[in-house]
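Chains A and B are the protein sequences, given in the same order.
Taking our numbering, the leading residue of the first sequence gets 2, the next gets one more, and so forth.
Taking our numbering, the leading residue of the second sequence gets 167, the next gets one more, and so forth.
Check before you lean on any hint, since a few could be wrong.
No farther apart than 30 Å at their CA atoms in a straight line, the calculated lysine-lysine pairs in the DSBU-like style are these [as the list claims (entries may be wrong)]:
1. B:K217 / A:K58
2. A:K58 / A:K10
3. B:K236 / A:K10
If you want a taste of the chain B side facing chain A, the calculated C-beta under 10 Å gives, among others [to be verified]:
4. Q203
5. V210
6. G260
7. S261
8. A262
9. R263
10. Q264
No lab work stands behind these hints: they were computed from the structure.
We put the CB at the ideal spot given by N, CA and C, even for glycine.
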Amino acid sequence: DSGVTQTPKHLITATGQRVTLRCSPRSGDLSVYWYQQSLDQGLQFLIQYYNGEERAKGNILERFSAQQFPDLHSELNLSSLELGDSALYFCASSRGGEAFFGQGTRLTVV
Amino acid sequence: GQQLNQSPQSMFIQEGEDVSMNCTSSSIFNTWLWYKQDPGEGPVLLIALYKAGELTSNGRLTAQFGITRKDSFLNISASIPSDVGIYFCAYTGGSARQLTFGSGTQLTVLP
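Next up, chain B with everything else stripped away, as it sits in the complex (with noise of 0.2 Å):
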């Protein structure tokens, strides 16, 4: 599959500060994804990008995928302990729809 670059790797951010991590691929995708995975669990799928320049929000957290379709970003509006975790970008392909990882961001909340 594609190669996913995530950056930042890892991120520490003060509680109620705003972060933004981001992706890009030099291919072409349809789907852009955000997963989250906390500690000792699954990811699970936090925002999903069908659209080239769509801006999608779920609560604190909100995506876009990029116009040119290889690139997406993640922000997280006031930020609190719970949002500790890796956040991975991804995207569906293949015969199987298997998902393609980025290598993930490392995000530390401070008190």
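This is chain A alone, in the form it adopts within the complex (with noise of 0.2 Å):
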């Protein structure tokens, strides 16, 4: 257990519709990076929080947009989805050395 929890697992939803996938971080860790793995694409970086702020974005849609509140948890949020966006989604924390990662939430636009 990486002490990194992510929720859902799983999430079934059509195209157009939007989304929101929550993080929890380990205790103490300030940074929460969040990841896309898909198929085409391998595991890339998308965008990264420390202490509430945006520090550095990725590959990231515009239709995507995440946030990180006071008390550390963060969210992403993807809308106007497209079956391309099927993926494992995937959030990292970390406090300046390893990153640790949760266990995914599989997205499948149908």
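The task is to assemble the complex, starting from two chains supplied on their own in separate frames and drawing on the hints.
Here's what the structure looks like:
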């Protein structure tokens, strides 16, 4: 158990819809990272938050956004979903060193 | 980020055999990381390498940071069924020290 909790574990939704993925980092970790894993693109960095502030953006679509709350949990919001957004979405947290990954949310867009 | 070329893409080996996989890049890195992803799980850090030429072991796993700083390999000795999974090389970079992953090596261990 990495100590990083992601919910839900699985999500099935229709094209055009909006979903929210939730991540609770390890206790004490201020950094939260979001990654997307798909068959064609592999594991890609999306966005990072540190203590409530956005710090870096990777290959994140404009339809996607994230935030980190005062209690340090983070949410990734995916809107106007397309079939190609089907993927595993991982959250990772760190306190400056090693990043620990959650079990991921498997999103299926139908 | 810079692209990592990881090979092989997949491997099928017999239990007890040794296996080797590697990563190369056209750029110089200061860190090489090796992760394993079990089915249904997130990646877990196996070994971190910080110096050119560094050779580090973690049980039956051994990884080396290439002298040119553009490559790294991971060896697994005496493979067992629980070694099954996807192995990724990665480096940290950028303002957020985010991870950039290779494409992964899918390892299957046959009994």
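Hint check:
1. B:K217 / A:K58: With Cα atoms ~28 Å apart, K217 of chain B and K58 of chain A stay inside 30 Å; holds.
2. A:K58 / A:K10: holds, 24 Å
3. B:K236 / A:K10: The hint is violated at about 37 Å.
4. Q203: holds, 8 Å
5. V210: holds, 7 Å
6. G260: Holds, because the Cβ-Cβ distance from G260 of chain B to chain A comes to roughly 6 Å (cut-off 10 Å).
7. S261: holds, 5 Å
8. A262: holds, 3 Å
9. R263: holds, 8 Å
10. Q264: holds, 4 Å
Violated hint for the displayed structure: number 3, the only one.
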